[in-house]
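Residue numbers for the sequence shown follow our numbering, beginning at 1 and rising by one.
Be a bit skeptical, because a hint or two may be false.
Listed next, with one range per pair, are the computed distances between beta-carbon atoms [said to hold, decoys possible]:
id : residue 1 : residue 2 : range
1  : Glu172    : Gln35     : 38 to 48 Å
2  : Pro175    : Gly85     : 19 to 29 Å
3  : Glu143    : Gly57     : 13 to 23 Å
4  : Arg170    : Arg130    : 16 to 26 Å
5  : Asp113    : Glu133    : 17 to 27 Å
6  : Pro188    : Glu86     : 31 to 41 Å
FYI, nobody ran anything at the bench for these hints, they're computed from the structure.
Glycine included, every Cβ here is placed at the ideal spot set by N, Cα and C.
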Amino acid sequence: MPIPTESDTSPGTSAPSLPKTPPATPPADSAAADQLQIRPPEAGDGAAMWRLARDGGELDLNTSYAYLILAEDFAATCRVAVSGGEVVGFVLGYRPPERPTHVFVWQVAVRGDQRGRRVAARMLDDLVDRLPEVEAMEATVTESNTASRRLFDSFARRHGGELSWSTGVRAEDFPDGHEAEPRLLISPLSRS
Numbered sequence: 001m002p003i004p005t006e007s008d009t010s011p012g013t014s015a016p017s018l019p020k021t022p023p024a025t026p027p028a029d030s031a032a033a034d035q036l037q038i039r040p041p042e043a044g045d046g047a048a049m050w051r052l053a054r055d056g057g058e059l060d061l062n063t064s065y066a067y068l069i070l071a072e073d074f075a076a077t078c079r080v081a082v083s084g085g086e087v088v089g090f091v092l093g094y095r096p097p098e099r100p101t102h103v104f105v106w107q108v109a110v111r112g113d114q115r116g117r118r119v120a121a122r123m124l125d126d127l128v129d130r131l132p133e134v135e136a137m138e139a140t141v142t143e144s145n146t147a148s149r150r151l152f153d154s155f156a157r158r159h160g161g162e163l164s165w166s167t168g169v170r171a172e173d174f175p176d177g178h179e180a181e182p183r184l185l186i187s188p189l190s191r192s
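Please model the entire structure based on the sequences and the hints provided.
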């Protein structure tokens, strides 16, 4: 699944029954940027996460139900970034049952007006800092998604892990003409 790290706020396919993610006023200075809160999602954040994914137009949009369930039942392996009381970014992740010391990052989204503020990096750092038993991070990222590749490369450097790539999901395995998603592994992870 593609993992854009800095979602555009241009409209994607929208459902008429739900409002667009409201625009936020960007912080005027670094003190305001520091007011960004990174935390596990709460059940009520799922709808905002879905709207953010939908409005960015770059992610493979899951059902709204999936975001609601992930926010509630997988909160320990997900993060939201909140500014001014609004969800402006999220990370969806889970721990593969066969590899319980790994966290798989499924999607990363950051609202367009929050670009350049290290929101995605801060969410990933917070995620692993609060999961001390996690020794490795995994994700799949298309070759064309340079922003995500840079995000995970810088994460590996910050956490002293080696970044390696394997086949992941091949293009021919997707039933809908999707680009291949090579799998990355960052291991071992060190904490600050």
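Cross-check of the supplied hints:
1. Glu172 with Gln35: 38 to 48 Å: 46 Å, holds
2. Pro175 with Gly85: 19 to 29 Å: 40 Å, violated
3. Glu143 with Gly57: 13 to 23 Å: 20 Å, holds
4. Arg170 with Arg130: 16 to 26 Å: 33 Å, violated
5. Asp113 with Glu133: 17 to 27 Å: 35 Å, violated
6. Pro188 with Glu86: 31 to 41 Å: 36 Å, holds
Checked against the numbered hints above, the structure breaks hints 2, 4, 5 and satisfies the rest.
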